[in-house]
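4 protein chains.
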Amino acid sequence: MSGNTYGRIFRVTTWGESHGKAMGVIIDGCPSNIEISEEDIDKELFLRKPKDDKLSTSRKEEDKCEILSGVFQGKTLGTPISIIVYNKDVDSSSYENIKGIFRPGHADYTYFKKYGLYDHRGGGRASARETVSRVMAGAVAKKILEKEIKGFDIFSYTKSIGSIELLEVDYENLRRDNIVKNRLWCPDENTSKQMVNEIVDAKNNGESVGGVIEIVIKNAPPGIGEPVFDKLEADIGKALLSIGAVKGVEFGRGFNLTKERGSQSNDQMDDKGFVTNRAGGILGGISSGEDIIVRVAVKPIPSISKEQKTVDVKGVERPISVKGRHDPCAIPRINPVCEAMVLITILDHLLIQRALGGIK
Amino acid sequence: MSGNTYGRIFRVTTWGESHGKAMGVIIDGCPSNIEISEEDIDKELFLRKPKDDKLSTSRKEEDKCEILSGVFQGKTLGTPISIIVYNKDVDSSSYENIKGIFRPGHADYTYFKKYGLYDHRGGGRASARETVSRVMAGAVAKKILEKEIKGFDIFSYTKSIGSIELLEVDYENLRRDNIVKNRLWCPDENTSKQMVNEIVDAKNNGESVGGVIEIVIKNAPPGIGEPVFDKLEADIGKALLSIGAVKGVEFGRGFNLTKERGSQSNDQMDDKGFVTNRAGGILGGISSGEDIIVRVAVKPIPSISKEQKTVDVKGVERPISVKGRHDPCAIPRINPVCEAMVLITILDHLLIQRALGGIK
Amino acid sequence: MSGNTYGRIFRVTTWGESHGKAMGVIIDGCPSNIEISEEDIDKELFLRKPKDDKLSTSRKEEDKCEILSGVFQGKTLGTPISIIVYNKDVDSSSYENIKGIFRPGHADYTYFKKYGLYDHRGGGRASARETVSRVMAGAVAKKILEKEIKGFDIFSYTKSIGSIELLEVDYENLRRDNIVKNRLWCPDENTSKQMVNEIVDAKNNGESVGGVIEIVIKNAPPGIGEPVFDKLEADIGKALLSIGAVKGVEFGRGFNLTKERGSQSNDQMDDKGFVTNRAGGILGGISSGEDIIVRVAVKPIPSISKEQKTVDVKGVERPISVKGRHDPCAIPRINPVCEAMVLITILDHLLIQRALGGIK
Amino acid sequence: MSGNTYGRIFRVTTWGESHGKAMGVIIDGCPSNIEISEEDIDKELFLRKPKDDKLSTSRKEEDKCEILSGVFQGKTLGTPISIIVYNKDVDSSSYENIKGIFRPGHADYTYFKKYGLYDHRGGGRASARETVSRVMAGAVAKKILEKEIKGFDIFSYTKSIGSIELLEVDYENLRRDNIVKNRLWCPDENTSKQMVNEIVDAKNNGESVGGVIEIVIKNAPPGIGEPVFDKLEADIGKALLSIGAVKGVEFGRGFNLTKERGSQSNDQMDDKGFVTNRAGGILGGISSGEDIIVRVAVKPIPSISKEQKTVDVKGVERPISVKGRHDPCAIPRINPVCEAMVLITILDHLLIQRALGGIK
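Heads up: the sequence lines are chains A, B, C and D, in that order.
Under this note's numbering, the first residue of the first sequence carries the number 32, and numbering increases by one thereafter.
Under this note's numbering, the first residue of the second sequence carries the number 32, and numbering increases by one thereafter.
Under this note's numbering, the first residue of the third sequence carries the number 32, and numbering increases by one thereafter.
Under this note's numbering, the first residue of the fourth sequence carries the number 32, and numbering increases by one thereafter.
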């Protein structure tokens with residue numbers, strides 16, 4: 032109800048403030064007898080970590096997880112899995128002088144309106160640091176999906192940063208292992224260089240940038256998704272829109288479909304299966320077995336050093352320049368978070384389908 | 032779990048197949064002592080009904096509702112409200128010859144994969160007729176919101192049909208009463224005429240078209256939305272993506288934000304409040320008190336008379352030309368459905384906030 | 032949230048007031064491809080119906096159901112099943128003169144306090160007539176359980192009426208077919224006669240009586256129940272305590288266990304399995320494969336013609352004699368209702384277990 | 032779904048195995064701006080702790096909690112509250128020689144059947160140690176209820192241990208402060224002494240005993256409880272039956288009501304209010320404003336040193352004598368756990384009622 036639990040069977044509950052003691056996640060509804068280790072999780076956490084270069088925040092968290100329950104002798108017990116990551120490099124000093132001042136584009140104002148108080152240090156619960164918990168849950172979901180579904184695969188890549196856009200992509204030859212080697216998760220070297228320049232340029236001007244990323248799931252089984260309200264688009268859409276910086280989501284050809292005619296937008300079939308995949312692998316809210324394709328719009332990081340207009344809790348105007356330690360672009364650190372949310376959603380739907388389909 | 036209930040406190044459960052006996056909705060969690068009548072609901076159902084012209088299906092349903100429970104002497108009892116609309120103009124004859132053949136762009140294939148059988152008559156549960164139930168629930172939600180929130184208002188309008196786009200709009204002077212008078216819910220007469228032509232052209236070619244609509248909520252109170260997973264964007268997004276034809280959703284400036292820099296995309300504040308509203312009225316997943324603005328991508332209606340390639344349940348290729356009775360464009364009949372889903376979401380979040388906020 | 036939905040995967044939502052237009056139920060999360068007919072349901076409804084004798088109310092409802100959705104050509108579609116029973120013998124006249132007066136032992140007072148108004152006709156939503164919907168859902172659950180679980184069986188019998196108690200029972204030879212032939216669902220003829228006398232005596236004195244019934248489930252599979260909060264006792268207990276007249280519930284030897292020592296209360300095992308079944312088939316909240324045994328305390332029907340003290344909505348003292356049409360004892364009409372609630376609970380837990388266990 | 036979350040608005044998720052690293056709880060849906068400290072929680076944990084005498088286990092846990100999130104500068108933020116207690120006195124050695132052998136009366140067998148593996152050390156998740164998390168959540172609920180409801184009070188006392196029963200009790204003069212001073216939470220000194228003897232006698236014989244406790248809530252507001260399925264009895268009943276050792280529950284006069292006639296069992300009213308309270312403060316599933324009274328049957332602790340018959344995972348007979356460190360009676364350590372579960376339930380229902388009732 033209060034929004035910190037996601038999923039129906041595979042249920043993920045997260046907790047933790049950016050400058051609090053730790054971040055954590057509880058996974059309830061994880062099948063038993065699944066092998067899972069702290070290393071499996073740390074591997075994904077590593078992809079979310081800032082890198083040691085000009086494109087990253089200087090906050091340096093170790094981000095090694097500890098499993099506190101639910102795993103015994105390397106296997107899941109079927110009981111709740113509690114995983115924790117301690118916050119070790121907390122430095123709240125730069126927030127002292129903006130205490131009580133609402134940072135533009137941040138949730139300070141709305142948290143204050145909603146709760147009557149807020150943790151001003153680093154955004155508290157509204158910080159992107161919250162996504163550490165999501166990535167940990169996603170890592171567990173991935174282990175299960177990879178074990179259960181032959182050929183299951185998920186990857187994401189960066190489609191645009193600011194005005195720099197990757198136009199063509201060869202789906203068949205994209206592999207996550209390769210994508211994540213690129214600093215910006217962009218599968219084209221040339222485009223990637225322009226994207227780096229875009230970010231550096233923004234940073235040098237006290238600014239930040241956004242972009243678009245695409246998530247692709249291969250070999251998800253047909254038949255998952257629960258019409259009419261819990262359609263697969265609805266739940267994947269919700270999962271992605273629940274990530275701080277995401278302001279839009281589209282499936283398959285998405286907004287472009289609105290400019291096509293029916294005979295184009297419909298994916299026709301022949302005896303080898305679907306001829307096209309404009310729908311992004313989902314029909315009537317249920318997976319068709321084709322690649323599930325979804326894109327998200329990531330807004331620019333709101334924390335910028337450039338001076339902006341704002342007010343404090345008393346409504347008094349207070350120009351602000353947000354210092355702290357921030358990335359100039361949420362991409363690609365947001366990419367594994369998006370993947371995690373999709374993984375959790377797909378596993379959850381798979382389990383629902385097993386509940387109902389297993390009884391035929 | 033199986034996806035036919037939406038909402039947490041204000042809970043809406045829908046049922047009914049397009050060519051079954053009736054469509055219905057149960058609303059559980061409706062506050063007591065609210066005045067509600069069948070007329071209140073029929074008024075909204077009327078806006079969803081096909082019109083008697085070339086832009087509409089020839090299926091003519093009366094679509095008058097009957098309240099079966101939960102309302103006593105004109106007031107809600109606090110018990111579940113059951114509302115029904117009988118299907119009166121059912122004609123399944125045109126579906127007999129395509130029985131067992133998967134209509135392209137429809138859910139026939141995925142329903143068959145998921146459930147092992149499907150109601151081939153008019154799409155069954157996957158039909159747009161299912162949205163009758165949503166509109167009825169939305170009408171109840173609207174009554175409550177209008178009673179509870181001073182100045183609460185919601186409207187939607189058509190932003191594009193195919194390639195015809197309405198570029199500018201004067202939010203301050205848009206009123207639903209006026210918008211709905213336009214055949215396509217387009218607030219600009221000239222653009223509307225081009226849109227009509229676009230639809231007629233598609234129909235004449237055995238085709239269909241899609242478009243974009245925008246929904247605007249005015250005077251929603253600040254403080255609603257439940258981070259981190261049930262952010263207001265996440266839940267509104269889910270609500271809209273759960274509608275059959277919707278393939279994308281974006282808030283505020285949405286995908287355009289990805290091309291802006293931080294100082295542009297951040298809504299700055301002065302002592303009169305927010306200077307801009309690029310975020311679409313939501314920050315950190317919580318309403319800010321500004322207009323909530325969301326757009327959805329509506330794909331072309333999949334039923335077209337133009338011949339398409341497809342297969343039957345045995346995988347045999349079967350060219351198909353879908354006759355039946357269909358609209359050539361889901362807009363504007365989908366508009367009140369989108370509004371209904373947003374209304375239900377906002378009321379539900381308002382009630383959650385009352386639960387938690389009422390105790391300070 | 033508002034309490035009219037029960038179950039997590041197999042979700043049952045009920046609606047309807049006693050003197051309203053109809054009673055109904057929506058079942059969402061019913062597996063597809065299950066054969067179900069109106070006759071299957073009517074058969075169970077018949078067992079709940081008043082009989083044409085002195086032990087019954089004179090309200091005569093036909094109680095034939097109509098399936099409005101979710102079943103196509105005799106099989107479940109996997110979509111929500113909507114079932115309705117119209118109220119045909121409504122006579123609210125006897126309630127006119129007690130309008131606004133709180134009937135002792137009834138929910139009039141608390142509904143008024145909670146909702147600010149109440150349907151005074153026959154208890155409205157708080158009437159035992161509400162359980163029609165439960166029995167219909169239970170009938171569907173039973174069809175599935177009988178199909179899925181070899182040897183699955185459920186029965187209930189009357190253990191006591193007022194002070195008349197059935198002391199011994201031979202579980203092995205109890206069969207529902209035989210039990211329900213007895214007017215009071217008591218498997219012992221002699222005891223049954225005394226029970227009838229107890230009820231008649233109460234009725235003749237303008238009174239009512241209660242009793243204890245026991246529900247037994249045979250061959251439920253081991254491994255269902257979800258610790259720590261959704262233990263099988265917890266959920267069966269809730270299911271039964273949600274029935275109007277039930278004020279207590281106990282499993283296995285229940286309250287008697289508190290007087291035993293550990294070596295007695297523990298069910299020991301040998302290589303043929305459990306030696307005893309004092310726990311009632313549930314250990315640690317999970318079914319053991321032994322018979323599940325649960326008893327409920329049914330309070331006397333609150334509607335009695337004997338004059339009682341009460342007040343009206345203004346707090347003024349108003350002696351009352353409740354006329355209307357009422358049973359003098361809720362047993363055995365409550366028995367199929369108890370069975371239905373247990374059936375729904377067990378099926379729901381079975382589906383959850385399939386979701387999680389199916390993935391090993 | 033998997034049963035480790037309880038509550039709808041005030042949502043409590045627990046985790047931890049008895050011999051794992053720690054026990055914990057996440058509370059989501061806690062109103063903001065509530066003062067809460069680790070001391071508030073430790074105070075209740077202390078009441079659950081074993082005492083240093085012959086009636087207690089020799090496992091000595093410090094049981095001091097640490098709040099990891101959700102509280103800032105002494106006040107709740109409205110974000111999830113994560114509380115942890117580390118397991119410090121873990122000694123699994125006595126479990127090594129019974130590894131793979133099902134302890135009678137325990138959940139070893141059913142966990143093995145359900146999950147395919149189990150943590151044999153101290154019962155793992157099925158241990159009573161799990162209730163540490165419940166007590167912590169209950170302490171938070173209590174703070175809120177005491178703040179919000181004038182005169183709100185809860186206490187529990189021991190009604191029987193084995194065959195020793197406390198017959199009369201003067202509700203008006205019972206105060207928790209006094210009750211908890213008694214070693215067995217029995218408000219009568221004489222009876223208490225006999226109870227101690229009963230426990231000591233059992234222990235000396237390698238046995239254990241059970242008993243009955245009663246929980247009383249004073250000044251709960253009228254109007255809480257959500258018919259028809261989430262009636263207050265149903266939810267309190269579920270909450271209590273979810274505690275390991277509880278095998279029965281009854282409200283008000285409970286099973287005794289089945290022997291009364293309607294005019295006795297009905298609580299009549301005069302202009303001062305209810306004349307009696309046989310219903311235990313709940314009518315139609317909604318609180319009436321009278322004392323809420325509920326009793327639970329607590330079975331004997333299953334761990335006894337007396338030799339018992341059982342089998343191992345391969346079905347081979349293996350006589351067992353359970354050594355470990357165990358209490359000979361779950362009472363009174365279970366008493367604060369029962370209180371906690373009732374507190375959580377009542378607060379949750381209060382918040383639901385605020386959501387719906389706050390809108391009139």
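Bear in mind the hints are in silico, worked out from the structure with no lab data behind them.
Please note that a few of the clues may not be correct.
To be verified - As a list, the in silico EDC-like pairs of lysine to aspartate or glutamate whose alpha-carbon atoms are at most 20 Å apart: (1) C:K249 x C:E291; (2) D:K106 x A:E179; (3) B:K234 x A:E291; (4) A:K80 x A:E97; (5) C:K337 x D:E291.
What the hints assert, rightly or not - Derived list of chain A stretches under chain B, where covered just means 3 residues or more per stretch with a C-beta under 8 Å from a C-beta of chain B: (6) 60-74; (7) 97-109; (8) 215-225; (9) 268-276.
Note that beta-carbon positions come from the ideal geometry of N, C-alpha and C, so glycine has one too.
Evaluated hints:
1. C:K249 x C:E291: Violated - the C-alpha atoms of E291 (chain C) and K249 (chain C) are around 25 Å apart, more than 20 Å.
2. D:K106 x A:E179: This hinted pair is violated, its Cα atoms lying about 44 Å apart.
3. B:K234 x A:E291: With Cα atoms ~13 Å apart, K234 (chain B) and E291 (chain A) stay inside 20 Å; holds.
4. A:K80 x A:E97: Holds. K80 (chain A) to E97 (chain A) sits at ~17 Å (cutoff 20 Å).
5. C:K337 x D:E291: This hinted pair holds, its Cα atoms lying about 14 Å apart.
6. 60-74: violated (count 0)
7. 97-109: The restraint on the segment 97-109 of chain A is violated, since only 0 of its residues have a Cβ under 8 Å from chain B and three are required.
8. 215-225: n = 0 at 8 Å, threshold three: violated.
9. 268-276: holds (count 6)
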